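K.L.:
Assemble the complex: chain S is given as a structure, and chains H, G and U must be docked to it using the hints.
Chain by chain, the residues:
There are 4 protein chains.
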Amino acid sequence: MAMVCLTDFEKYAEEHLSKTTWDYYSAGADECCTRDDNLLAYKRIRLRPRVLRDVSVSDTRTTVQGTEISFPVGISPTALHCLAWHEGETATARAAEALNTCYITSTLSTCSVEEIVAAAPNGYRWFQIYVYQDRKLTEKIVRRVEALGYKALVLTADMPYVGRRHNNIRNQFKLPPHLQFKNFNGLLQQETAGHKKYHTSDPSVTWKEVHWLQSITSLPIIIKGILTKEDAELAVEHGVQGIIVSNHGGRQLDGTLATIDALSEIVGVIKARIEVYLDGGIRTGSDVLKALALGAKCVFIGRPILWGLAYKGEEGVREVLQILKDEFRLAMTLSGCINVAEINRNLIQFSKL
Amino acid sequence: MAMVCLTDFEKYAEEHLSKTTWDYYSAGADECCTRDDNLLAYKRIRLRPRVLRDVSVSDTRTTVQGTEISFPVGISPTALHCLAWHEGETATARAAEALNTCYITSTLSTCSVEEIVAAAPNGYRWFQIYVYQDRKLTEKIVRRVEALGYKALVLTADMPYVGRRHNNIRNQFKLPPHLQFKNFNGLLQQETAGHKKYHTSDPSVTWKEVHWLQSITSLPIIIKGILTKEDAELAVEHGVQGIIVSNHGGRQLDGTLATIDALSEIVGVIKARIEVYLDGGIRTGSDVLKALALGAKCVFIGRPILWGLAYKGEEGVREVLQILKDEFRLAMTLSGCINVAEINRNLIQFSKL
Amino acid sequence: MAMVCLTDFEKYAEEHLSKTTWDYYSAGADECCTRDDNLLAYKRIRLRPRVLRDVSVSDTRTTVQGTEISFPVGISPTALHCLAWHEGETATARAAEALNTCYITSTLSTCSVEEIVAAAPNGYRWFQIYVYQDRKLTEKIVRRVEALGYKALVLTADMPYVGRRHNNIRNQFKLPPHLQFKNFNGLLQQETAGHKKYHTSDPSVTWKEVHWLQSITSLPIIIKGILTKEDAELAVEHGVQGIIVSNHGGRQLDGTLATIDALSEIVGVIKARIEVYLDGGIRTGSDVLKALALGAKCVFIGRPILWGLAYKGEEGVREVLQILKDEFRLAMTLSGCINVAEINRNLIQFSKL
Amino acid sequence: MAMVCLTDFEKYAEEHLSKTTWDYYSAGADECCTRDDNLLAYKRIRLRPRVLRDVSVSDTRTTVQGTEISFPVGISPTALHCLAWHEGETATARAAEALNTCYITSTLSTCSVEEIVAAAPNGYRWFQIYVYQDRKLTEKIVRRVEALGYKALVLTADMPYVGRRHNNIRNQFKLPPHLQFKNFNGLLQQETAGHKKYHTSDPSVTWKEVHWLQSITSLPIIIKGILTKEDAELAVEHGVQGIIVSNHGGRQLDGTLATIDALSEIVGVIKARIEVYLDGGIRTGSDVLKALALGAKCVFIGRPILWGLAYKGEEGVREVLQILKDEFRLAMTLSGCINVAEINRNLIQFSKL
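Chains as they are written, first to last, in the numbering used here: chain S, 139 to 491; chain H, 139 to 491; chain G, 139 to 491; chain U, 139 to 491.
Isolated chain S (complex conformation) (with noise of 0.2 Å):
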């Protein structure tokens, strides 16, 4: 079968992975409301092109705190690729290293950071993180990643419980015995590195535990996980660099608004102060357009990387990513754009007949 469109992915990865594993990756809170109306927001949303400019020559190129990558789709934070295929996170730095983006590794790999650093070891990358109850064990982890290089720290701020996902509650879902969350091997001793409560924020967490981030790291601080702009401007008082509007790929409050609908209120009040990127939903170049044009410097994907991994580890994400980038620089010249620059809110329609 030819892999054309990131659909293809899901589709070949429903059909080859596990029930367990697929309910795992697929999953949304409650009743999926949320996850579901990321990609559905989407389409109510619509592209006025520009036509007659030359775009014979185009630049997908943008900057996520100053650094270059090659086209504006990171690979946002998931855990457990190691069931998807079984080179796990490696494969995953190695094909974004080969593209050239963002790879926001997640506390909760499969393969440790060491590992995942080793194995691409000139990627650009994030470290998603949670401050635990155990302040000694984030600040551990802070300067673990420090260390290998990790460029940013991506503090997930809308989990402080985890969300109900239905067939997880149904399959009894947990880490197989074979697995491990290797990040923790060594900084656990009485407790097994799959223990429950690393998959969560001490839920006390608040913005003073991100002063707290700040005065352990000068490494630049991202929130995931605001949806409104009075977070967002929060987010901007307390110095961070950057925020992912995100509402966890549907999986923790279900009914929350899509994040692309939450994009223009947060842009609007942050004011280009600090870079807003977005994850959730996105599946075509058409959709990152949208996003761009509506003010996110970047979008994330989560679940179409698993899918990619599922298809062929490196290889599929490779291919996923390829096709979003190309996907992508073709919106963005069939609506009269050359680079990341051009795109803004003139490309959205915002009234109807």
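Bear in mind the hints are in silico, worked out from the structure with no lab data behind them.
One copy or two, either will do: identical chains are not told apart, so a pair holds if it fits within one copy or between any two.
Cut-off 35 Å, straight-line C-alpha distance, at most; resulting in silico cross-link-like pairs (DSBU-like, lysine-lysine):
| hint | residue 1 | residue 2 |
| --- | --- | --- |
| 1 | K463 | K346 |
| 2 | K289 | K320 |
| 3 | K157 | K450 |
| 4 | K274 | K463 |
| 5 | K450 | K289 |
| 6 | K181 | K463 |
| 7 | K367 | K463 |
| 8 | K289 | K274 |
| 9 | K312 | K450 |
| 10 | K289 | K312 |
| 11 | K181 | K157 |
Predicted model only: the values in this text are computed from it and were never measured.
P.N.:
Leaving out everything else, chains H, G and U in the frame of chain S:
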């Protein structure tokens, strides 16, 4: 099968109840537009969750009419619990007591109020009442429930006549011979306790009869079945203690607005002078959160209780209530609130791109 | 099978009529958008019922053109009743008489007006008329129906040509040989009574011909087929006594607005100077209530009458009318109104959350 | 089977063409959102027909670029007619001539322009053109079509690159060996006439090349593929004679607004300075009426022509055009208009209840 959410109980009930009973419980009036829109309306409302707040300690308690309940979900009055489970309303009462929430007992119970109170002596209960043409009959019932410790009277206002529920008509639904509307035993001399005219109010009842009720009891009076600001204002003017925004689960007038769509205008005119409750369409903790964000003090559920009964009697109702309580706590904390006092309109998205 | 609602009759008719006849009756023009939207539009309108009003005594009567009918639903003109039931329009006439409502007889009846009047001598009837190129033919018909006691003329205004109804074209639908458009018997010498040109108006007809009609009769004239405020205003200016907001059941121009969606603007400009009626899409008592709340004096039903005929002739039509009457009374009282005079725009929800 | 409406031809074509050919014609870009919305958008627009006007004589004629055509529907350029019918574009040309309407011949025809003109010497035709990197090649084509009597050049503006049409990629669609892009025969020495780079414009083409085209020809120039008021204004400023509001049938950028939804804003800015046409989604005479009411001077159809070809070659295309002409005349007269000059915005409903 693991029971993970309320619709799991619905599926179980549909499969295990007789068709006639299932039809009776699930029935809506006419084309069932209102019954169905009660649920769909929640899915059109989007939440704006706040993050990075300390939600390590949370409290789902609230009060209704000054009494504390463990979470803002009570049990709406529904008839004929013995159809779903042999112990009927006594099972429901024990579950409500166990979860420490408010159980509005229906006049049309198949256990007597005496049996219900005996089964769960410490439960917090209100009594749903009709004003009959024979006012003495209503007065006798009021005296009994007062004596039994019921804490409020809930006057059904939207049932001067019974709505047309097609399947009930087709099934020629009637009370099976082994069951009785036990609250009428001893009260009705020449008539059977299943007599049809006690299913509804005297259709001549107006606010005058509310005054009459106030004159014969000191219990708080709550009007159930209000859908407009005009009637909400009248409720305040007539000195009642609360109203339940309700369309009778879509079983009366088909084509009304969904209760959650009616709530905002009513809350806007009431301005906290009395408590505003709501029933209809609540199926998840997010639905509860939305209703509270839009101004409901507490919500009530009807059909899910019957599904719980059909599943496992008291235990089934406890499971239903516990799941909804867990879901509500999770939705509340994931939206950044640690108690019901923090829930407000800012959680709701009012405009879209 | 118990016949509980109008769609029960629809199902019966679809199963028991020949495909050609069913197709003829159910046909809409082109893609049937308007035919279907006539029904869907009601489902988009929400009611705001009032409670705690004395509805113990209710009255569904109204008047049309000064004559009392038992409830605000009359019979719209439809052709060829003998296709559905051997007694044809005489059965319809008897049912209308029995229910004491207004029956608009179609020019294209398969019983003659004389037979219709003889079958139900005390019925209240209007006559639907076309202005033909041969004005004398129209005049002769007017004289006959005047003499027979018809109380108004209903001029079809939306049929200068016949709409494209795909299935009729595919079926090559024509009047079966055993049936006749009996109203033309004796009037047409050299032509068969089924001649096609009597199916529609002379396409040159304008308001001038309305004046001509007024000059030859003292009967009230009602224009059927108006969908805009501009034409409604012209109707008043030309001195007619009423208009029927109609899109011919979606059988003429496809893509028009639904009649209930056209009603408000028309009622707004008419300001009660003449009576405004409506047909199209009425299937329940709630639909009738909505139409009256938005300003219709009375509604008319077309296809449901044919379904009733197909079911049991006169008895079937009586059942259809009786169900709609019962549903309307229930909807009216459940919304807090005891008669049609109390029904007004406040029953309709105009804005949503 | 009687062919009653355009979708009958669609069904026929889907059943009788090879899958590869059907896929090629029906393809939309990416997720086909725009392809499908082009049709759905018409169904969201409601007509306000006027009645009691003399429509006994009607006239569907209009002019485009000063030339009379028999009704306001022309033929949009589509490629590869020989795939659908062995006579290819010569059949299309004869049908267009027979119906006296405008046929925009595609550069990518499988008959040469000489063959097309010879087949229908009196037909009114425009020529769709790309500006190639090799400007001489474009110039040679312009000279040829000028000499052959083509009356305008239609510059495709929305195809600097080919859109991603999934099924074409899966099918590895290419020109079958027995067919040629005959317009390139003799023009290309070292390359095959099917060479891919002649499928699209030079992506560097801008309004400057429009000036160049104007400098080498006196034919009117029409820009095809405009969707915004900004580009419409530029078209006027650059002195072209017309624009076609088009999204290439949804085959280029997916996610654009439907053409009928783009029309109003464009017509508003053009203010009749040049003629505005539209293609995309026209399937019925009501669709044509809506487009004219919203300001299009004429519409063009693409895929329905291919379905007609697939059905019966010239005769099939004639049937398609004749049905659309009949439907348009009927829709026009049923809305109260006797000619295209009477069609205006008042026919469109802009607000709803």
